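Student: Line order of the protein sequences matches chains V and R. Residue 1 is where the first sequence starts when you use the working numbering, and the numbers rise one by one after that. Residue 1 is where the second sequence starts when you use the working numbering, and the numbers rise one by one after that.
Derived from the structure by calculation, the hints contain no laboratory data. Please read all numbers here as calculations on a predicted model, not as lab measurements. Be a bit skeptical, because a hint or two may be false.
[What the hints assert, rightly or not] Once the Cα atoms are required to be at most 20 Å apart in a straight line, the calculated EDC-like pairs of lysine to aspartate or glutamate come out as:
1) R:Lys36 with V:Glu38
2) R:Lys277 with R:Asp251
3) V:Lys34 with R:Glu38
4) R:Lys83 with V:Glu31
5) V:Lys277 with R:Glu38
There are 2 protein chains.
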Amino acid sequence: MIALEEIRQQPDILQGWLDRQLESTRKFAAEIRKRKVEYVYLAARGTSDHAGIYAQYIWGALAGLPVALAAPSLFTLYKAAPKLARALVVGISQSGESPDIVQVIQEGRRQGAVTVSITNVESSPLESAAEYAIHLGAGTERAVAASKTYTAELMAVAALAALLSGSDANVQALHGVPDAVRCSLDLEPLLGEKVAAFTGMDNCLVIGRGFNYCTAREWALKMKEVTYIHAEAYSSADFLHGPIAIVGGGDVVMIVAPAGRTEKDFVRLLTTLQDQKKARVVLITDDSALVHSVPDGFLIPDTTPEWLTPITAIVPAQLFSVLLAGALGLNPDSPRGLSKVTRTL
Amino acid sequence: MIALEEIRQQPDILQGWLDRQLESTRKFAAEIRKRKVEYVYLAARGTSDHAGIYAQYIWGALAGLPVALAAPSLFTLYKAAPKLARALVVGISQSGESPDIVQVIQEGRRQGAVTVSITNVESSPLESAAEYAIHLGAGTERAVAASKTYTAELMAVAALAALLSGSDANVQALHGVPDAVRCSLDLEPLLGEKVAAFTGMDNCLVIGRGFNYCTAREWALKMKEVTYIHAEAYSSADFLHGPIAIVGGGDVVMIVAPAGRTEKDFVRLLTTLQDQKKARVVLITDDSALVHSVPDGFLIPDTTPEWLTPITAIVPAQLFSVLLAGALGLNPDSPRGLSKVTRTL
Chain V
1 MIALEEIRQQ PDILQGWLDR QLESTRKFAA EIRKRKVEYV YLAARGTSDH
51 AGIYAQYIWG ALAGLPVALA APSLFTLYKA APKLARALVV GISQSGESPD
101 IVQVIQEGRR QGAVTVSITN VESSPLESAA EYAIHLGAGT ERAVAASKTY
151 TAELMAVAAL AALLSGSDAN VQALHGVPDA VRCSLDLEPL LGEKVAAFTG
201 MDNCLVIGRG FNYCTAREWA LKMKEVTYIH AEAYSSADFL HGPIAIVGGG
251 DVVMIVAPAG RTEKDFVRLL TTLQDQKKAR VVLITDDSAL VHSVPDGFLI
301 PDTTPEWLTP ITAIVPAQLF SVLLAGALGL NPDSPRGLSK VTRTL
Chain R
1 MIALEEIRQQ PDILQGWLDR QLESTRKFAA EIRKRKVEYV YLAARGTSDH
51 AGIYAQYIWG ALAGLPVALA APSLFTLYKA APKLARALVV GISQSGESPD
101 IVQVIQEGRR QGAVTVSITN VESSPLESAA EYAIHLGAGT ERAVAASKTY
151 TAELMAVAAL AALLSGSDAN VQALHGVPDA VRCSLDLEPL LGEKVAAFTG
201 MDNCLVIGRG FNYCTAREWA LKMKEVTYIH AEAYSSADFL HGPIAIVGGG
251 DVVMIVAPAG RTEKDFVRLL TTLQDQKKAR VVLITDDSAL VHSVPDGFLI
301 PDTTPEWLTP ITAIVPAQLF SVLLAGALGL NPDSPRGLSK VTRTL
């Protein structure tokens with residue numbers, strides 16, 4: 001199964017990124033600081049959009065940069081681009097081919113903004129459009145549902161946050177990620193056993209917050225792409241503003257809750273979901289006490305700081321989705337109705 | 001049924017807003033232009049977040065302002081607010097009470113940004129925190145699932161777009177909205193008949209794009225809040241990047257597709273969904289030809305320009321959700337597990 005092979009390649013790809021791309025990204029970060037951008041305008045779709053959401057949180061938290069996620073249709077359909085001269089304009093795309101993302105970068109450059117592409121394909125249209133390029137170097141991704149290019153995108157985003165923060169400790173923390181991802185992969189046999197109990201579900205909710213809101217979004221997308229199960233992601237804060245109404249007895253709620261600033265809320269939510277709503281909770285956490293509060297808890301290493309846990313936490317979520325697809329008799333390598341490169345205008 | 005009464009009040013509330021708030025908003029718009037903001041940083045949750053998404057599109061398209069939707073947890077949980085000095089910082093909240101939204105405004109003001117609240121409750125904490133206040137004046141909203149405060153929020157956002165655009169024609173177009181909403185309400189008897197065929201569904205997808213992406217999001221939230229049906233919203237562009245995989249025969253897909261820049265894409269999507277996927281399509285449009293391409297099409301008036309259709313298009317969606325709840329024997333006035341004011345930190 002190609003999807004599973006590519007998931008397993010992730011530690012080596014992340015190590016390779018650090019070995020080959022960190023220094024060039026350091027130069028780019030120095031340039032951004034010199035050009036005094038006021039905010040970031042970031043365009044991405046699908047899985048890459050979740051790397052954008054990660055950027056929204058950690059570029060804000062570590063580097064003080066507000067991040068606006070672009071509405072590409074303003075550029076393509078409505079021909080009414082906003083002013084971007086004081087922005088850092090970023091395009092993230094595995095293939096570098098989506099014309100709408102390319103147009104956002106082109107318009108930013110036309111207006112004199114600092115522009116950067118983050119792609120896995122050198123000399124792609126997106127890379128050609130941008131002033132600066134960050135390569136993912138993840139090798140060809142053959143499975144339609146992205147895995148290794150997603151974690152490589154997260155690493156690029158994390159590295160930029162660390163470099164812009166001006167803290168050596170933050171940059172140092174990046175080097176612990178490949179090994180932590182290797183530990184996350186050790187969950188594969190346990191996940192292989194556990195997924196069998198979830199083959200009957202029609203839909204589920206996936207909850208994360210703060211730095212790991214992106215993880216919830218990406219997990220939900222993987223579930224839809226490879227298992228065809230309706231999975232919807234929420235921030236725990238938004239979840240309480242309405243959607244919690246739909247949870248009934250026996251419903252599956254998947255939660256990403258590493259130790260850190262968001263954990264207290266999750267402890268309360270776990271009680272509500274399990275005791276009051278009688279929901280079935282699947283939990284990914286790096287808290288070895290919390291993991292035992294649910295029957296289906298998966299422990300990731302606690303060796304990375306909270307802002308880097310999205311790279312380790314998505315790994316069991318990728319495995320869960322792909323192994324469940326296998327248990328359902330589906331082929332996660334080429335889901336129905338999807339192609340690897342989607343061109344939207 | 002209170003929910004239905006409040007939906008029917010919308011034309012009068014919108015007219016009242018124009019009569020009482022448009023002039024004070026004009027003064028505020030002049031002030032924003034004078035203070036030379038570079039971009040907007042907007043905080044909102046739940047239904048109000050959908051008014052924020054509307055702002056993201058039309059403040060971009062009509063006024064050239066990039067809009068960043070805030071990540072409030074940066075302010076509350078992580079204590080790491082980004083720099084906001086050159087931003088217009090906006091908080092939208094029906095109750096004006098959510099502490100996280102208040103904190104975003106307080107921080108913006110502390111940093112010297114222009115701050116504005118859009119709320120239905122005068123002297124609420126949010127209003128007290130902001131330099132400028134825009135009142136909704138929608139009267140007390142008693143149904144837990146918002147309707148009239150949502151369309152009033154959209155009107156406030158639309159008015160600001162029109163005033164900042166500097167075009168008298170845009171401001172003039174606002175005055176056509178109350179009557180157009182009145183026409184949308186005429187769909188109630190037809191919707192009342194049609195919903196009976198949808199009582200058996202467990203989940204559905206809601207698709208909109210561009211200006212009406214907010215409508216898709218709000219429709220999906222209404223469905224969840226009052227019918228407890230899993231409904232997930234997508235931009236048609238993102239939908240093709242993965243989630244279309246989950247659509248199977250007999251699945252319900254709800255589409256908001258007024259005539260305009262996005263319509264061509266929807267014509268193609270309708271064919272794919274109906275002919276290839278054998279999905280059941282529910283359609284809201286102002287195109288009298290397109291409406292007949294599906295068995296369950298609902299025609300809204302074509303008297304408003306595309307950028308104002310989110311105010312008319314949400315009305316049949318509100319009615320659909322509330323009438324379907326009634327058909328399911330549920331009480332849409334107070335859904336299980338929800339309270340009117342949600343306080344998140």
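Student: Now tell me, hint by hint, if it's right for this structure.
Tutor: Consistency of the hints with the structure:
1. R:Lys36 with V:Glu38: 13 Å, holds
2. R:Lys277 with R:Asp251: With a Cα-Cα distance of about 9 Å, the restraint between lysine 277 (chain R) and aspartate 251 (chain R) holds, given a limit of 20 Å.
3. V:Lys34 with R:Glu38: 19 Å, holds
4. R:Lys83 with V:Glu31: Given that 20 Å is the threshold and the Cα spacing comes to 19 Å, the pair holds.
5. V:Lys277 with R:Glu38: Violated, at about 45 Å.
Comparing the model with each earlier hint shows a violation of hint 5 alone; every other hint is respected.
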